[in-house]
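Here is what each chain is made of, one letter per residue.
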Amino acid sequence: MKRGYLGEFEEIVLLTVAVMEGGAYGVAVTHEIAEQTGRSVRLNQVHAALERLEDKGMLKSEMGEPTAERGGRRKRLFTTTAYGRRTLQEIQEVRESFWAKLLNPFRPATSL
Amino acid sequence: MNPPRHADRLLQLFCAPHRLEEIQGDLHEEFRYQVRRVGVQKAKWRYWWDIVGFLKPRAGWPFAIKRRKHSTTNQMNATMISNYFKIARRNLIRNKAFSGLNIAGLALGMACSLLIMLSVQDERSVDGFHANGSRLYQVYERSSYDGKVEASYTTQGLLADELKRVIPEIEFASSYEGNHLYHSTFEVGEKINKVEGTYAGADFFRMFSYPLVQGTPETALNTPIGIAISRKIAEQFFGSPEKAVGKAIRYENREDLIVTAVFENVPANSSQQFDFLRSWQAYVKENQWVTNWSNTSPHTLVQLRPAADPAKVEAKIKDFIYRYKPKDQGSLVELALQPYPEKYLHSTFKNGQIDGGRIEYVRLFSFVAVFILLIACINFMNLATARSTKRAKEVGVRKVVGAARTALMGQFLGEALLLTSVSIILAVGLVALLLPVFNTLTEKHLVLPVEQPVFWASLLGLVALTGFVAGSYPALFLSSLNPIRVLKGSLKFSGGATFFRKSLVVFQFSLSIILIVGMIVMYRQMQFIQTKNLGYDRENLVYIPIEGDLIQKYNLFKEESGRIPGVRSVSRMRNSPTVNDHGVSDISWSGKDPNVAVSFSDELVGFDFVKTMNLKLKEGRDFSKEFGADSVSYSGFLLNETALKKIGYQNPIGKPLWWGGRQGTIIGIVQDFHFNSMHEAIQPLVIRLDETKPYGTILVRTEAGKTREALAGLEKTAKELNPNFPFTYQFSDQEYAKLYKSEQIVSQLANAFAVLAIFISCLGLFGLAAFTAEQRTKEIGVRKALGASVASVVALLSQDFLKLVVIAILIASPLSWYAMNRWLDGFAYKIDIGWWVFALAGFLAISIALLTVSFQSIKAALVNPVKSLRSE
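As you go down the protein sequences, you meet chains A and B in turn. Under this note's numbering, the first sequence has 88 at position 11, and the numbering climbs by one with no breaks. Under this note's numbering, the second sequence has 1187 at position 449, and the numbering climbs by one with no breaks.
By construction, these hints were calculated from the structure, which means they are not laboratory data. Among the hints, a few may not be true.
What the hints assert, rightly or not - Mimicking DMTMM-like on lysine to aspartate or glutamate, the simulated pairs with C-alpha atoms at most 20 Å apart in a straight line are:
#	chain 1	residue 1	chain 2	residue 2
1	B	1384	B	888
2	B	1182	B	934
3	B	929	B	980
4	B	1349	B	1324
5	B	1050	B	1275
6	B	1349	B	1275
7	B	782	A	170
8	A	137	B	759
9	B	780	A	146
What the hints assert, rightly or not - Beta-carbon label-pair distances, calculated as ranges:
#	chain 1	residue 1	chain 2	residue 2	range
10	B	739	A	98	28 to 38 Å
11	B	1127	A	82	51 to 61 Å
12	B	1236	A	143	28 to 38 Å
Glycine residues also receive a C-beta, built at the ideal position from the N, C-alpha and C atoms.
Next comes chain A alone, as it looks inside the complex (with noise of 0.2 Å):
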């Protein structure tokens, strides 16, 4: 079977997850992804895209325990399958063997 596609903010949700090991849910994650990448992130994008891997079977969830500060409301826990896993590693690969091509690889300068 080919590899299920995964636009780039998927993926990047999809490492996040894998990132924080067990301690995934919507607003954590946001807030992982806002700090590493700069970019400002909106809560329904997070949800949305969580829901899609969740489908894609990517990502697994459960309910985790209530906290007083969301007024006594469950988080949904995510963590990722075996199958997210492994797609993540295929874009990976696939990255790397193209770096690998580049005659010139870019200097530190222009890169960012």
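Guided by the hints, dock chain B onto chain A, whose structure is given.
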């Protein structure tokens, strides 16, 4: 610090329910974070902004987070449906009284609406059957006199032919004598009969869709001696239409006419009704005055060419009259067009513009139909919600085993539809039973159009609408019940539900009270008109038409009948005391302002007119044979008070007056009397003596209690003098009552509907009272055990309902006052609506409601407390 509540509510409304918790949690967490970071105010703004983000539509599904499909099993399978039916049937059977009330109320309401729908449909279909209907127009004349603008359908006798000749867009045109029908006597061999009919132009049958059995539309009315008769008359005189055509028929014992055409009997839904038509050429020959373009009487009908623009034609004919007569100073006459099919419902004028007519009654009764149906629906809602305690457990159990709310709503709506279907079957039966009565009351020919699919479709529509309206509230209410609370047994109605039920009762009773007030006011106005002093004595006055040999022998008849015992005096007039459609504009007097045109009504009468009519003379004298000069025409005039006021003479008797340029003197002033209907104010009236007209009415004043002998004598005399005409007569009071036929019918219908509305409302109240009494059984038991009297318990139970009725009275009184004043505005002479009308209506409503409620409350109050308290 909490996030904005409204924003939360918005989210709850739109968010997928299975995701609400986590999303809301995230949002709240984010809010707290932002409060720390940027402060409360900004955090609130951000919160709104975030929520709006979740509302953004997305391709494929409406909102940011997809709603999950119901995971429950499909509840619309055969087993469930048969279960729904089973439960519905059991509920119906278990509560026979409630079901009966429900069905009876709905059936009555729907029968009422059906009846009204049928008659409204019938009214709207009048004159709709003409194939050329969209091109047929009626010409009306707008005239300004004396600063007033008036309009009427009466036009010049030669107008139709001239319009067709001059205006190219007019394809056909026909005059039609539509003010009154002629009751003419016809004779073929031994058969003599009176037939109703009139005169029409040569194009008449080419314009209007009255199919001809014999003859052609082109030749039916194009000779003065030709006559077209209906199939009915043809069969009466000749045996069949085929035998009739080409034969001679004796008319008014005066001339022999030839039957040129036989038409199908005119359908009941035509506003023109006639059994014979004579040609317009004959009319012109018999009425020389039509050649004068100042005189108006017949109607003019035109048919435009298919491409013609009616607005342009109307502009073209506006000044048409002045091609034939010079402009008068101070007056203006214009022609205008009205689409002919609209004329039946829109035929009254106000300030020269078409303004209402029968359409007002059509609208009024459409409203009443909707009201009554609404009252019946409200009954249904009230009874269903009141009974909901009984069904709440069922709802709870259904919900626990996984019924979705939509399925429950479907169930209750379905039950409402089922009940409505049962009711409509009863309603149709009821209508079938009531139609003959209704038809005699309204003089209509309604039938249930069972062969028309449209009828069945509209029945279906009525069922769907009623079922949906009646079932919507119970469905919403019952399906919203919380299963945990219901099954724990602590179901309490929220203030909202009780308030809603109470407002429904108030609404119902307000409508009923409005109808009751309408009933009282209409009845009183009718009484007022029937008993008002008209200025003449309408009791013991007999009308006999002047026809045949009576035209020549009127004086002989007057002389001979004066000798009949029981006859007081005899006179004659051109029209009759109840109808006067003649007017004259060229009356002048010394000192008259030549720039102002004043129109007068005029009347031509015989000797002893004032005496026979029993009019009051203010000054002067009656026309009398003792004054030889009276018999010279235009020599003496009688005026009414209104006319005298217009003229302004100080001592009028003996002063000169000119009528069409001929001078005479005023011989008497009569007190104002009503010679038209009460819808109009009394017009200025000029009366002159003229006993030569070949038509008119003989007035005979009889002595009270001797009318029968007088009539026998009159018949004998009439037979001797006028052997070829059957003796016919009318009573003045009956003719007068006919003027207000439509008001009488409306008043009677209003009575019936008001009674029905209050009855249906009471059915609902009865059910509600039973329910409350049942709910409070224990309370009543305890009260009685502690020594409460029956009276105090009854008062306790009735109080709540009476409050509602009182509120309804307060709401309904101003509304009905306004509505009835609008109705009364149509009369120039009318009653005042006193406060007692509302008091009476309120008293009626209260006592009926009390009667209904007390039956239940007395029953509840009489129960032995031991019995009601025993169960626990």
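Cross-check of the supplied hints:
Using a Cα cut-off of 20 Å, the hinted pair residue 1384 (chain B) and residue 888 (chain B) holds, with the two alpha carbons roughly 18 Å apart. Pair hint residue 1182 (chain B) plus residue 934 (chain B) holds up; C-alpha atoms about 19 Å apart against a cutoff of 20 Å. Restraint check for residue 929 (chain B) and residue 980 (chain B): the C-alpha separation of about 18 Å stays at or below 20 Å, so the hint holds. This hinted pair does not check out: residue 1349 (chain B) and residue 1324 (chain B) have alpha carbons roughly 28 Å apart, beyond 20 Å.
Our distance criterion of 20 Å between C-alpha atoms is broken by residue 1050 (chain B) and residue 1275 (chain B), whose separation comes to about 51 Å. Taking the CA atoms of residue 1349 (chain B) and residue 1275 (chain B), the gap is about 10 Å. The hint holds against a cut of 20 Å. Restraint check for residue 782 (chain B) and residue 170 (chain A): not satisfied, since their Cα atoms lie roughly 44 Å apart, outside the 20 Å limit. Among the hinted pairs, residue 137 (chain A) with residue 759 (chain B) is consistent with the structure: their alpha-carbon atoms are about 17 Å apart, no more than 20 Å.
Proximity of residue 780 (chain B) to residue 146 (chain A) is assessed by CA-CA distance (about 18 Å); at most 20 Å being required, the pair is judged to hold. Between residue 739 (chain B) and residue 98 (chain A) the CB atoms are about 32 Å apart, so this pair conforms to the stated range of 28 to 38 Å. The supplied range of 51 to 61 Å is met by residue 1127 (chain B) and residue 82 (chain A), whose beta-carbon atoms lie about 57 Å from each other. The beta-carbon spacing between residue 1236 (chain B) and residue 143 (chain A), approximately 37 Å, falls within the hinted interval of 28 to 38 Å.
The structure fails hints 4, 5 and 7 (numbered hints given earlier, in ascending order).
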